[in-house]
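Number of protein chains: 2
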Amino acid sequence: MMTDIAILGFGVVGSGIAKVIERSVLPVRRMTSDTINVKYILDKRDFPDSPYGDRVVKDLTVILSDGDVKIVCEAMGGVHPAYEFTMACFAAGKSVVTSNKELVATCGVELMNAAKKHHVHYLFEASVGGGIPEIRSMRTSLAMDTVLKIDGIMNGTTNYILTRMKSEGLSFEDALAEAKALGYAEADPTADVDGYDAQRKIIILSAVTTDRLAAAEQVYTETMTKVSTLDMDAASRWGGTVKLIGSFRNLGDKMALFVCPRFVPFADPISHIDDVYNGIKLTLEMTSDVMYYGRGAGSYPTASAMVSDIVSIMTGAVKAELHMKWHRADDDFVVPFETLDFCYYVRTSSHSSHDAIESAKNVIGDVRELSGSPKGCAEFITGRVTESKMREYLASGALGSVESVIRILD
Amino acid sequence: MMTDIAILGFGVVGSGIAKVIERSVLPVRRMTSDTINVKYILDKRDFPDSPYGDRVVKDLTVILSDGDVKIVCEAMGGVHPAYEFTMACFAAGKSVVTSNKELVATCGVELMNAAKKHHVHYLFEASVGGGIPEIRSMRTSLAMDTVLKIDGIMNGTTNYILTRMKSEGLSFEDALAEAKALGYAEADPTADVDGYDAQRKIIILSAVTTDRLAAAEQVYTETMTKVSTLDMDAASRWGGTVKLIGSFRNLGDKMALFVCPRFVPFADPISHIDDVYNGIKLTLEMTSDVMYYGRGAGSYPTASAMVSDIVSIMTGAVKAELHMKWHRADDDFVVPFETLDFCYYVRTSSHSSHDAIESAKNVIGDVRELSGSPKGCAEFITGRVTESKMREYLASGALGSVESVIRILD
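If you're matching them up, the sequences are chains D and Z in order.
Under my numbering, the residue at position 179 of the first sequence is numbered 179, and the numbers go up by one with no gaps.
Under my numbering, the residue at position 227 of the second sequence is numbered 227, and the numbers go up by one with no gaps.
Chain D extracted, bound-state conformation (with noise of 0.2 Å):
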């Protein structure tokens, strides 16, 4: 047997899933009795020197007409054309496996209805901690249980930078020109740093828990380039690092999403996730926290979880899971990220550090400075206060100068 599949997109990924197949043909065959068979290829691009140069068509329409196709991975990028070459798939009769993460989180909603309404698969468990295979776990293993908050490190180019900045003590810049010249970042970084990426993975892994799917806009989402090394420092003195996390909180019959760096404390184990490595640590009512750790990126490993999508298709397997219905979530199920209370590490630079703190004191209540502070600085940790009581504080004056206010993950 020979299940003939065709690859839309043939750069990091897409080559990779050839290549992961190659490797795998005999513990594929061992699960499913089959084999297989890349197809076509569809690329704008020729590869007269690939192995594969011979299949790659140039008109998605070749693909659409073959019946023999059952399977499609999308490894495009981009919300455009990806989506409606999704949806010609899905009217042809053919299920789509994809890492696709900005399509997923963009139309999820109407790709999950299309792929119902014409009996076919839509997986994408490569969108998420590429290799790591978190969302099959959440899908089968885990979905009995409540999953009552999300945190994650989901985005490998900026924990690179996190990582340099705390251990070499560079700057954010001088990080993410050593991550640019390791191929790490892009050369336009935006979507990275600006929490953009991550915003995407936490849409999807707090869909696959609710059925609902947020929109960017429901995502309050702040931007990692402002991390400072005093930041770090600061971190360090009070026991733990800087982390970018993604966090999805499960808030009885609604949630909040956000996206943001993080004090993090090193006896959470998130604060060790290190280099390019993703971890996504769920907590659940009854299973407690599982903690999920390994590469987010990679030709390699994000093919390997697009070819455990196509294998999960070609067993059966996916028939067994619980067909996703995603619906929008709507502005009533996701409360405003204003109503959510947190601890701040709050900076303030100030003459005198008592003084700072004592009005920190008058103003907020419960207040913990943080000692070893730079000369001409004040730092502290406050108690819970609500992200919009905060705002109030520091549009007042009333804290003073502030540098830098980051929230404590808890």
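It is possible that some hints are incorrect.
Pairs involving identical chains hold if they fit within one copy or between any two copies, as the list cannot separate such chains.
[What the hints assert, rightly or not] Simulated pairs of lysine-lysine, BS3-like, Cα-Cα distance not exceeding 27 Å:
#1 389 with 226
#2 375 with 226
#3 319 with 116
#4 149 with 19
#5 254 with 19
Please keep in mind that the hints were generated in silico from the structure rather than gathered at the bench.
A quick note: this is a predicted structure, and the numbers were derived from the prediction, not measured.
With the hints as your guide, set chain Z onto chain D.
Then chain Z, alone, in the frame of chain D:
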């Protein structure tokens, strides 16, 4: 609809299963359109105060002869009579889910074959890593990849002890006493501290990946009771900590299995798995490193994993997984521990640290002094040495009076 089940053994785990079933009614109904009903509980004791008191039976034949019971949860522990009871359930056409690592590690081959013969399932997610869903992941998401190695903290009791030795400078004895007081260690902690619990778990995980079940005698297993605060302090100066690690190595057409205390560098996320938590790291050919972290024991986490096994039988997901055909690992398949090589930490008592290091260099060759040794000690880290060679060196007396030897994780 309703699926009747029976629970064998109503202790910590067994009563947890009943609770988890109560609390997961809605998600289970969503996943299966069905409800799990605890029809019988087999226990020698009576539970007059439990809401399940009226379901307690004393005789397995009541369960065996009730054709409505399709799934049995074995939470008795121990090999006998759990083995006979499980076999009887299979013969009566009932699938069994278990948390019994000792039984799976000891009789997994016979049990798996019997389950197959009777067209029923035998699932054991809860037997390794409690609530951590690593076994289903290995059998689904990661099954098309090749596991090159597994290293894990698989025993919460010993990890608690080692964590307290590190963080508080406690001796092994004091940390063990504390673990007993907190209920983390049993009155007779032998199975935990001498590594037998971790041994069973690495036997199970290696069988999941190779289909070969090793015997206890094929796993080099070293106690962690000899780890001292001096070792802990040395590991810290070296840049890591001491953990009890269960290891599997894929050596092509052979494997190696061993459980022993290891120096684990801080750069490895396993070094930061603390307290009673477990961490299991797989290194895969294509997916690279994946680590699972979570509660390796406890009533609800363990019971949750068992309920997830029940659900996977109910949804039919298990049918899509490859049926495990386990064989006994013959002695050719398991390489002798003596043939493996490691880097070692060695501490000798010596009046002259310089002399001790020089003799070590003469004997071993590649030796690096570890600085900061306590008075009267010399400490060094070796390059890679075959275990058999190292034993020769130690037996020859050429390294002087050796106080401690700990292998380094790599």
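How the hints compare with the structure:
1. Proximity of residue 389 and residue 226 under a CA criterion of 27 Å is satisfied intra-copy only: 22 Å inside one chain copy versus 54 Å between copies.
2. Taking the shortest Cα distances, residue 375 and residue 226 sit within 27 Å of each other inside one copy (20 Å), while across copies they are farther apart (47 Å).
3. In this assembly of identical chains, residue 319 and residue 116 lie within 27 Å of each other by CA distance both inside one copy and across copies; the values are 12 Å within and 22 Å between.
4. Taking CA atoms no more than 27 Å apart as the test, residue 149 paired with residue 19 passes between copies only; the shortest distance there is 21 Å, against 36 Å inside one copy.
5. In the homo-oligomer, the alpha carbons of residue 254 and residue 19 lie at most 27 Å apart only across protomers (25 Å), although the nearest pairing inside one protomer, at 43 Å, exceeds that limit.
Checked against the numbered hints listed earlier, the structure breaks none of them; every hint is satisfied.
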